[in-house]
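Peer 1: Residue strings, one per chain:
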Amino acid sequence: MVSNSLSLNKLKTIISYILAIMTIIAFMVFVALRQTDDFSFAPFAPYRNVILNGIKNTILVSLISLLGSMILGFVLYLLQKSKIKYFNALIDVFTEIIYGTPLLVLIIVTAFLIGPAFNSYNRNLFGVLALIVYMSPYMKNVFKAAFSSISHDQYLAMDLFGFTPFQRYFYIIIPQVIRILMPPLMNNFSLIIKGSALLNLLSYPELFFTIDVAQSRNFAYVEGYILMWGLYLLITIPLSQFTKYIERKLSL
Amino acid sequence: MKLEINAINHTYDVDVLKDLNFLLDNHNSIAIIGVSGSGKSTLLRLMSGLEKPSSGSIKINDLSVDDPEYKKHVGFVFQQHNLFPHLTLKRNITLILEKTRNKTPQEADEIAMKYLKLLHLEDQVNKLPKNVSGGQAQRASIARALSINPEIIFLDEPTASLDPILTHEVLTAVEELKSLGKSFIFVTHVLSFVKDFADYVIYMHEGKIHECGKPDILDNPRTIELNEFMKKVR
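First to last, the sequence lines map onto chains G and S. Residues in the first sequence are numbered consecutively from 1, following this note's numbering. Residues in the second sequence are numbered consecutively from 1001, following this note's numbering.
Just so you know, the hints here were simulated from the structure itself, not pulled from any lab data. Just so you know, these numbers come straight off a predicted model, no measurement behind them. Treat the hints with care, since some could be wrong.
Stretch by stretch, here's where chain G covers chain S in the computed footprint (C-beta under 8 Å, at least three residues) [claimed, not checked]:
#, stretch
1, 1066-1078
2, 1095-1101
Distance condition first, Cα-Cα at most 25 Å in a straight line; then the derived DSS-like pairs of lysine-lysine [what the hints assert, rightly or not]:
#, chain 1, residue 1, chain 2, residue 2
3, S, K1117, S, K1182
4, S, K1214, S, K1059
5, G, K249, S, K1127
6, S, K1214, S, K1195
7, S, K1208, S, K1002
8, G, K244, G, K12
9, G, K244, S, K1127
10, S, K1114, S, K1099
11, S, K1071, S, K1103
12, G, K194, G, K244
13, S, K1052, G, K244
14, G, K83, S, K1071
15, S, K1018, S, K1072
16, G, K249, S, K1130
17, G, K144, G, K244
18, G, K144, S, K1130
19, S, K1052, S, K1071
20, S, K1182, S, K1103
Note that CB positions come from ideal geometry on N, CA and C, so glycine has one too.
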């Protein structure tokens, strides 16, 4: 009886989700058909490789930004913890400025102002740097949360048992920090992927840009926007589902 | 066990312990009781060497608690189990034995299993702390404290975060350890456990030892404060 009502509940949940997804799709179909009579992705077939390349570039640039912002975020975390007041102040000011800046503005400022000031016109490089800088305060917070989640009593216990500093980090602290770090890190990865769409502004051939280019040739704007949207979701939704799975799996 | 406390003062923001002097010999199970903020947990932490006093000195069995040698012979059980949360109950013990007590993995495994069995946890050894009950986790932390073969085991309100049934489960397990011939110093609010298990009771009040003696002082308090305390705890 209990298992019956349980599976019934599960069935209800599944049906609800299917209905919810269909509602959104129905709305999109309505929107699309209001704008075009012969809806078809066929005009994008010739651009398949270009778009695939765009997806590849989106993921590549996001991975680089993830790694870069993790490193910079960790440095910011260390500087924030530093006993030197100037560093604390610098991180505070920097964080406030980044929090207050739209990513679009930061990319433009970095690629068109800061880059040229250093005699570099490599916009792609500075675009990625902008993404890295933009994400670094968020990464700093992730590190801060992860390290502070190890309780004072755990340090006392490590003291009591006589672990060496290396043993503390290697066996106790880092394994816990990694578990705590993973879910927010993956959430940030999703933020980066979405943010990377703005790099189209610098003509970096990522997903947005490649579809934009295809659209300007085949004029299939309706299908193009829907394709673009769908492809982003195809990357980000599995990622967020995987994040939830990891979160459950690794929680302490 | 011989316990010597000389002119201990300890201050966090306010004075927690005030000029404590105390000498005790031939008792192996000492209970420290008192209201919250009376300094009892602080005294326990100082005696275990977990924290250093602002001034004064403590010797246990003629060994200063500052002595690096001392910590090797001390087991400590925290209020919340304080197991390393990413390690299984067994690994919580074997890691310490392998890395800090130079045991081989086989030896560590045997010792860990011996104490986990002693605390009736043989079915839970490969579970993470989050996947066992609070009482089981606390018993595992007692097994961990025992595994390094300490002379003295400190327990800091080991049942403070547990419901009455789990409290009983943990305290019964501790009582079974009497035959191991170890010394115990513990802080608790469970007076029935004090009466059953302690052979000496220290009542702390406002940072001082207000009354002390055999457990029967609980039945016939000499001071108003202990009398009030007994009424409240019951």
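Peer 1: Any of the earlier hints contradicted here, and which numbers?
Peer 2: 13, 14 and 15
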